[in-house]
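Participant: Sequence:
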Amino acid sequence: MSLDIHLKQTKLIKKKFTFADITNALHGYAYGISDVGFILSDFEGEFEDTYIIFYDPKKIGRGFSLQYISSERTINLNLNVPCTYHDIEDFYECTKRLCKMMGIQKFDHDGETLTLEDIPEKVNYTMNWVGNVLDSFVKDKKFGYTFGALYPLHVEENFIQSIIDLDEENKVIAFEEYLHEKQNQDLYYAKAKVYKIDNDKLVGFFTLSEGVDSIFPDEPALPIMSDDLDINDWYIGIVSFAGEPHLEGHILFNTLKEVLDLSNLPRFDESHFIITLDRKQIEQLRPYFVEI
200 MSLDIHLKQT
210 KLIKKKFTFA
220 DITNALHGYA
230 YGISDVGFIL
240 SDFEGEFEDT
250 YIIFYDPKKI
260 GRGFSLQYIS
270 SERTINLNLN
280 VPCTYHDIED
290 FYECTKRLCK
300 MMGIQKFDHD
310 GETLTLEDIP
320 EKVNYTMNWV
330 GNVLDSFVKD
340 KKFGYTFGAL
350 YPLHVEENFI
360 QSIIDLDEEN
370 KVIAFEEYLH
380 EKQNQDLYYA
390 KAKVYKIDND
400 KLVGFFTLSE
410 GVDSIFPDEP
420 ALPIMSDDLD
430 INDWYIGIVS
440 FAGEPHLEGH
450 ILFNTLKEVL
460 DLSNLPRFDE
470 SHFIITLDRK
480 QIEQLRPYFV
490 EI
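Quick note, this note's numbering runs 199 ahead of the 1-based positions in the sequence shown.
Don't read these hints as lab results, they were simulated from the structure.
Any given hint might turn out to be false.
Stated by the list, open to error - Below are the DSS-like pairs computed for lysine-lysine, each with C-alpha atoms no more than 25 Å apart in a straight line:
| id | residue 1 | residue 2 |
| --- | --- | --- |
| 1 | Lys213 | Lys295 |
| 2 | Lys213 | Lys305 |
| 3 | Lys210 | Lys299 |
| 4 | Lys321 | Lys214 |
| 5 | Lys295 | Lys305 |
| 6 | Lys207 | Lys299 |
| 7 | Lys299 | Lys214 |
| 8 | Lys321 | Lys257 |
| 9 | Lys299 | Lys257 |
| 10 | Lys295 | Lys321 |
| 11 | Lys295 | Lys257 |
| 12 | Lys321 | Lys213 |
| 13 | Lys400 | Lys390 |
Stated by the list, open to error - Label pairs and their computed distance ranges (CB to CB):
| id | residue 1 | residue 2 | range |
| --- | --- | --- | --- |
| 14 | Ala420 | Phe488 | 19 to 29 Å |
| 15 | Tyr487 | Asp234 | 25 to 35 Å |
| 16 | Gly302 | Tyr250 | 17 to 27 Å |
| 17 | Asn223 | Asp427 | 35 to 45 Å |
| 18 | Ser361 | Val322 | 26 to 36 Å |
Computed from a predicted structure; not experimentally measured.
In this text, a Cβ means the ideal position worked out from N, Cα and C, and glycines have one as well.
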């Protein structure tokens with residue numbers, strides 16, 4: 200479920216916009232590009248036809264995507280729902296700024312032609328609609344993974360239960376606080392990578408680095424919406440920063456869980472915890488390192 204806005208230059212204005220034009224218009228917003236695991240990374244390279252995520256770093260929610268197609272003189276904006284009130288305000292505020300940059304007064308909103316004067320009413324309508332959608336998601340247990348601006352989040356059951364009896368407005372406010380709290384942390388999201396070894400054997404890898412606060416899964420899995428691959432084994436590469444950064448060794452995923460006591464580590468979401476490997480733990484793991 201999403202909202203789509205299409206901004207099109209008039210035929211009289213043929214300026215080709217640069218990425219600097221867009222970021223100047225959207226000053227105050229951070230941006231990046233989602234990788235195959237829906238984890239935001241720094242954006243580099245050609246921006247035309249690329250989906251770039253913009254978000255407010257002061258209130259991190261789901262953000263919205265922007266795509267510029269110069270051949271069609273069009274900027275496409277997309278906001279996934281359910282989202283936060285702040286996401287909605289950002290989405291329409293940036294629409295206004297981009298319209299000003301492009302010198303246009305009208306735009307397409309999900310097949311309907313709107314003007315800049317229609318935006319305040321549309322903001323109110325969208326906020327009410329999103330409250331209804333979120334209420335339905337909570338009561339009908341539709342929540343699983345939500346793609347935040349920075350990370351995919353497996354929404355916790357205890358959070359869902361904590362808001363189930365709230366009215367629609369307070370549900371959205373709580374959801375907004377939840378998304379910001381989760382994403383406003385300096386964390387490394389450990390994501391799976393797959394390699395082929397011995398000609399046809401597929402193995403999965405995660406990385407944990409000494410002293411780095413890392414989001415780590417309870418069970419190994421491929422990124423959401425990836426192809427269903429038959430993974431033979433899952434490994435964790437242990438990286439140390441003692442001296443020059445280097446790989447200490449590899450350990451099987453399940454072996455790490457057996458050797459280290461992970462029971463009291465803080466949770467990140469329903470299926471991930473936060474771990475920070477120290478030197479003592481690395482030495483505990485060393486006897487179990489394996490050759491690949």
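Participant: All hints, please: hold or fail.
Facilitator: Against the structure, the hints:
For the hint linking Lys213 to Lys295, the alpha-carbon distance of about 19 Å falls within 25 Å, and the restraint holds. Of the supplied pair hints, the one linking Lys213 and Lys305 holds, its CA atoms being roughly 17 Å apart against a limit of 25 Å. Taking the CA atoms of Lys210 and Lys299, the gap is near 16 Å; set against the 25 Å cutoff, the hint holds. Between Lys321 and Lys214, the direct Cα distance comes to roughly 29 Å. Violation of the 25 Å bound is thereby established for this hinted pair.
Between Lys295 and Lys305 the alpha-carbon distance is near 10 Å, which keeps this suggested pair within the 25 Å criterion. With a C-alpha separation of about 12 Å, the suggested pair Lys207 and Lys299 falls inside the 25 Å cut-off, and the hint holds. Between Lys299 and Lys214, the direct Cα distance comes to roughly 13 Å. Compliance with the 25 Å bound is thereby established for this hinted pair. Of the pairs offered as hints, the one joining Lys321 and Lys257 holds, with about 24 Å between alpha carbons and a cut-off of 25 Å not exceeded.
Between Lys299 and Lys257 the alpha-carbon distance is near 24 Å, which keeps this suggested pair within the 25 Å criterion. Restraint check for Lys295 and Lys321: satisfied, since their Cα atoms lie roughly 12 Å apart, inside the 25 Å limit. Distance hint between Lys295 and Lys257 is fulfilled; the C-alpha atoms sit about 20 Å from each other, no more than 25 Å. Between Lys321 and Lys213 the alpha-carbon distance is near 29 Å, which puts this suggested pair outside the 25 Å criterion.
With a C-alpha separation of about 20 Å, the suggested pairing of Lys400 with Lys390 holds against the 25 Å cut-off. Take Ala420 and Phe488: their Cβ atoms lie about 23 Å apart, and the range 19 to 29 Å holds. Checked against the hint of 25 to 35 Å, the C-beta distance between Tyr487 and Asp234 comes to roughly 30 Å, which is consistent with it. For Gly302 and Tyr250, the Cβ-Cβ distance of about 24 Å falls inside the hinted range of 17 to 27 Å, so the restraint holds.
In this structure, Asn223 and Asp427 meet the distance hint of 35 to 45 Å, their C-beta atoms being roughly 43 Å apart. Between Ser361 and Val322 the beta carbon distance is about 27 Å. The supplied range of 26 to 36 Å therefore holds.
In this structure, the hints that do not hold are numbers 4, 12, in rising order.
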